[in-house]
Amino acid sequence: MAAKMEDSTRGSGDSSVTSSNMTEIPTVAQIIERQAASGESSAAGGGTGPPGSLHHPGFALFKQGAEARLYRGTFLGRPTVLKERFSKKYRHPRLDEKLTTKRTQGEARTVARARKAGIPTPCIYFVNYQSNCIYMEDLRCATTSRDYIVAVQSVGAGDSFRALQPIMDKIGKTLATMHDGDIIHGDLTTSNIMLKQDASATEPEVVLIDFGLSSVSQLAEDKGVDLYVLEKAFLSTHPNTETLFRIILKSYTKHSRKSKDVIKKLDEVRLRGRKRTMVG
Amino acid sequence: MFDMTMLLLLLLLSSYDYNIRSVHTMEVSTTLDLYPDTTVSMVLFSGVTNGSEVRKKIMDGTIEAAVINAQMICDPFQVLVAVNKAVHLDKLDKKKTKTVFGEILFNLSPGNNILAAYQKFGVQDAERQDVLVVLLNDLQGQQLQQVSNIIQGTRIPLESLRDIRDEQQIIKLFKISEAERRVGRLEDVVVCRMATKDAG
Chain S
1 MAAKMEDSTR GSGDSSVTSS NMTEIPTVAQ IIERQAASGE SSAAGGGTGP PGSLHHPGFA
61 LFKQGAEARL YRGTFLGRPT VLKERFSKKY RHPRLDEKLT TKRTQGEART VARARKAGIP
121 TPCIYFVNYQ SNCIYMEDLR CATTSRDYIV AVQSVGAGDS FRALQPIMDK IGKTLATMHD
181 GDIIHGDLTT SNIMLKQDAS ATEPEVVLID FGLSSVSQLA EDKGVDLYVL EKAFLSTHPN
241 TETLFRIILK SYTKHSRKSK DVIKKLDEVR LRGRKRTMVG
Chain X
1 MFDMTMLLLL LLLSSYDYNI RSVHTMEVST TLDLYPDTTV SMVLFSGVTN GSEVRKKIMD
61 GTIEAAVINA QMICDPFQVL VAVNKAVHLD KLDKKKTKTV FGEILFNLSP GNNILAAYQK
121 FGVQDAERQD VLVVLLNDLQ GQQLQQVSNI IQGTRIPLES LRDIRDEQQI IKLFKISEAE
181 RRVGRLEDVV VCRMATKDAG
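Line by line, the protein sequences give chains S and X.
According to full-length UniProt numbering, the first sequence is numbered sequentially starting from 1.
According to full-length UniProt numbering, the second sequence is numbered sequentially starting from 1.
Treat the hints as calculated values from the structure; they're not laboratory data.
Predicted model, so just to flag it, every value in this text is computed and none were measured.
Hints may be right or wrong, so weigh each one.
Coverage of chain X stretches by chain S, computed from C-beta distances (three or more under 8 Å per stretch; other residues unrestricted) [what the hints assert, rightly or not]:
(1) 74 to 83
(2) 185 to 195
In the EDC-like style, the derived pairs of lysine to aspartate or glutamate whose C-alpha atoms are separated by at most 16 Å in a straight line are [to be verified]:
(3) 116/S <-> 178/X
(4) 275/S <-> 222/S
(5) 116/S <-> 187/X
(6) 102/S <-> 198/X
(7) 265/S <-> 231/S
Away from chain X, derived, C-beta distances all over 10 Å, residues of chain S [to be verified]:
(8) 29
(9) 33
(10) 35
(11) 54
(12) 58
(13) 74
(14) 92
(15) 98
(16) 169
(17) 170
(18) 236
(19) 261
Even for Gly, the Cβ is constructed at its ideal location relative to N, Cα and C.
Produce the entire structure from the sequences given, and follow the hints as far as they go.
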């Protein structure tokens, strides 16, 4: 099985070589720069010019999910992301209000907890429990690990694996620290793992975002499911990256104190899926 | 020459940061993004000798301002965050303290004890101290005039806060661990703690 996977990895690598022959593998800093040059003007450019939304003057919508809307703007002089949880009309109004506020509060709580454990995550500036808005740091000089992996894979062949190795190592280490702090992210994807590199920094730093589905738990089961969710997301967004994901797990095992139980659980979860069988 | 350009650049940056509307002598004013009808002014006084008198005047209502122990402030942004939250809760009538100014001090503090917040972040008993005065909607500068008449000290630029701040004391009060300290700049660590303190 493993050998087959290795083969397919190599296969895809070869095909990308032919499409864009020996281009150099980009660094994280280069990808950030490239995105800043192309994308940022469309993403409201820090919210200086655009008219902004009706309810949030000065803030421009840039992303909408199932739970919340994200806006960009300026808050007390700092570039800021505004995350607004909206009400769901299909829920009973009372329940809806309670759920929305609880989730906003829960997110703020875990972000604080994660930072205390030493996990870099965007700084929260202000929480409005009335409108369920969280104002937080807009990461500058950062890209999602998803974009980075895609960019590297699109140019590099066999070397892409080696280029991504240190990043994967760091991701594994960050996840280990997070789980050792009994924080379950709940929605680990390569889009929620950011890579930040300031002009002053020599190496990229892993920053976790979106703690909207997070919880606190000591159970190896929950941590195993957390990793399983990442594995699923990772392998479906980035085909033929089994080897890369294995580096994350290896680094996780090395850095986490309780990795043995978690990895064991992960193997268990792989066989049965995320949901536990409820028998008896 | 290089120094001059750096200085200019710094000035430009700082004026961008705080969206300065009016610059009187050493006074920085800005409006709150979420409450554009509220103007915040910050003035830094150095070598203040009459701390207990100032406290008395605050308690009897003569001084309508927040007078903050400047040692406990990392950055003006930290104060603006506290002011924004205080104004927000004031509009909702959900303040924990009696006045907006009391609420500013309370928001700066990591705990939920109002007295402890006043003692740590309010004006001290020390013979000489540096205080940061925060005024709200002082458009004509009358409140500042009044406060300046009471406080015995010299006004210094707001940028001096960085030199005044007592990092060790801040770290100790907020119980910031080594790991948390490494997450980002000290002001960001503190601001995030302040913003999430009522999240439980």
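Need the status of pair residue 265/S, residue 231/S: alpha-carbon distance at most 16 Å? The hint holds at about 14 Å.
Discussion item. Check whether the Cα positions of residue 275/S and residue 222/S lie no farther apart than 16 Å.
Written reply: holds, 11 Å
Q) Is the nearest Cβ of chain X still more than 10 Å from the Cβ of residue 92/S? A) Answer for residue 92/S: holds, closest chain X Cβ roughly 24 Å.
Checking the smallest CB distance to chain X, is residue 54/S really beyond 10 Å? holds, 15 Å
Please check whether the beta-carbon of residue 33/S is more than 10 Å away from every beta-carbon in chain X.
holds, 21 Å
Say whether it holds or is violated: residue 58/S keeps its Cβ farther than 10 Å from all Cβ of chain X. violated, 6 Å
Check whether the Cα positions of residue 116/S and residue 178/X lie no farther apart than 16 Å. With Cα atoms ~9 Å apart, residue 116/S and residue 178/X stay inside 16 Å; holds.
Distance rule for residue 236/S, whose beta carbon must clear each one in chain X by more than 10 Å = Correct as stated: the minimum Cβ-Cβ distance to chain X is 31 Å, above 10 Å.
### Closest CB of chain X to the CB of residue 261/S still more than 10 Å away
The claim holds: residue 261/S sits with its nearest Cβ about 23 Å from chain X, beyond 10 Å.
Would the hint linking residue 102/S and residue 198/X be met if the CA-CA limit is 16 Å? holds, 12 Å
| Holds or violated: is the Cβ of residue 98/S farther than 10 Å from all Cβ atoms of chain X? | Holds, because the least Cβ-Cβ distance between residue 98/S and chain X comes to about 15 Å, which exceeds 10 Å.
Minimum C-beta separation from residue 29/S to chain X exceeding 10 Å: can you confirm that? Holds, since 19 Å exceeds 10 Å.
Checked against the numbered hints above, the structure breaks hints 12, 13 and satisfies the rest.
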